[in-house]
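Colleague: Required output: the full structure, derived from the provided sequences and hints.
Taking this note's numbering, the leading residue of the sequence shown gets 1, the next gets one more, and so forth.
Keep in mind that the hints were calculated from the coordinates and are not lab data. Since the structure is predicted, the reported quantities are computational estimates derived from the model, not experimental observations. C-beta: ideal position from N, C-alpha, C; glycine also. Check each hint, because a few of them may be wrong.
[Said to hold, decoys possible] Quick list of simulated restraints, FRET-style, between CB atoms:
#1 ASP14 x ASN46: 23 to 31 angstroms
#2 VAL20 x GLY60: 20 to 28 angstroms
#3 ALA38 x THR58: 17 to 25 angstroms
#4 VAL54 x LEU114: 15 to 23 angstroms
#5 TYR5 x TYR56: 57 to 65 angstroms
#6 PRO45 x GLN11: 25 to 33 angstroms
#7 VAL8 x TRP33: 43 to 51 angstroms
#8 ILE92 x ALA38: 54 to 62 angstroms
#9 ARG27 x VAL54: 39 to 47 angstroms
#10 ILE92 x PRO45: 46 to 54 angstroms
#11 VAL54 x ASN101: 42 to 50 angstroms
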Amino acid sequence: MQLTYRGVNYQVSDHRATVVESGATGRYRGAQWVGYKAASVVPQPNHTLCWRGVVYQTNGEPVAAAAAMEAPILPARQRARDPIAETHRHAILKSLEHRLNVARTQGNQDLINLLEDEWQQFA
Numbered sequence: 001m002q003l004t005y006r007g008v009n010y011q012v013s014d015h016r017a018t019v020v021e022s023g024a025t026g027r028y029r030g031a032q033w034v035g036y037k038a039a040s041v042v043p044q045p046n047h048t049l050c051w052r053g054v055v056y057q058t059n060g061e062p063v064a065a066a067a068a069m070e071a072p073i074l075p076a077r078q079r080a081r082d083p084i085a086e087t088h089r090h091a092i093l094k095s096l097e098h099r100l101n102v103a104r105t106q107g108n109q110d111l112i113n114l115l116e117d118e119w120q121q122f123a
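Modeller: Right, here's the structure in full:
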């Protein structure tokens, strides 16, 4: 059969997969329904994939584990900081400083102690 889609002509091949009844039957909107399945199993391609750092294969076989590389451990001060993270940290410290000044103005010693402990965690 000759077809045209967006100005491109092509032929439809009548290659259809041979199917057999699967034995599943039922009723759908009052009509009898019979399920079909492929007569032969279609071989699936085997791919080695990685999801969230875990390597696996599509055929279900286990993948040999790769040797883990240890990342160098750097002190917190030597790590390169992201500018957005640094801006966020600065905003938190500014808010904390304001809350500490308000607590000192109100004379709330318990809140002052809590906020100073929180300040030490950021230092």
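Colleague: Please go over all the hints and tell whether each is borne out by the structure.
Modeller: Do the hints match the structure? See the list:
1. ASP14 x ASN46: 23 to 31 angstroms: holds (30 angstroms)
2. VAL20 x GLY60: 20 to 28 angstroms: Holds - the Cβ-Cβ distance for VAL20 and GLY60, about 25 angstroms, lies within 20 to 28 angstroms.
3. ALA38 x THR58: 17 to 25 angstroms: holds (18 angstroms)
4. VAL54 x LEU114: 15 to 23 angstroms: This hint is violated: roughly 41 angstroms between Cβ atoms.
5. TYR5 x TYR56: 57 to 65 angstroms: violated (38 angstroms)
6. PRO45 x GLN11: 25 to 33 angstroms: holds (26 angstroms)
7. VAL8 x TRP33: 43 to 51 angstroms: violated (36 angstroms)
8. ILE92 x ALA38: 54 to 62 angstroms: About 59 angstroms separates the Cβ atoms of ILE92 and ALA38, which means 54 to 62 angstroms holds.
9. ARG27 x VAL54: 39 to 47 angstroms: holds (43 angstroms)
10. ILE92 x PRO45: 46 to 54 angstroms: 50 angstroms Cβ-Cβ, so the 46 to 54 angstroms window holds.
11. VAL54 x ASN101: 42 to 50 angstroms: holds (49 angstroms)
In summary, the structure is inconsistent with hints 4, 5 and 7 from the numbered list given earlier, while agreeing with the others.
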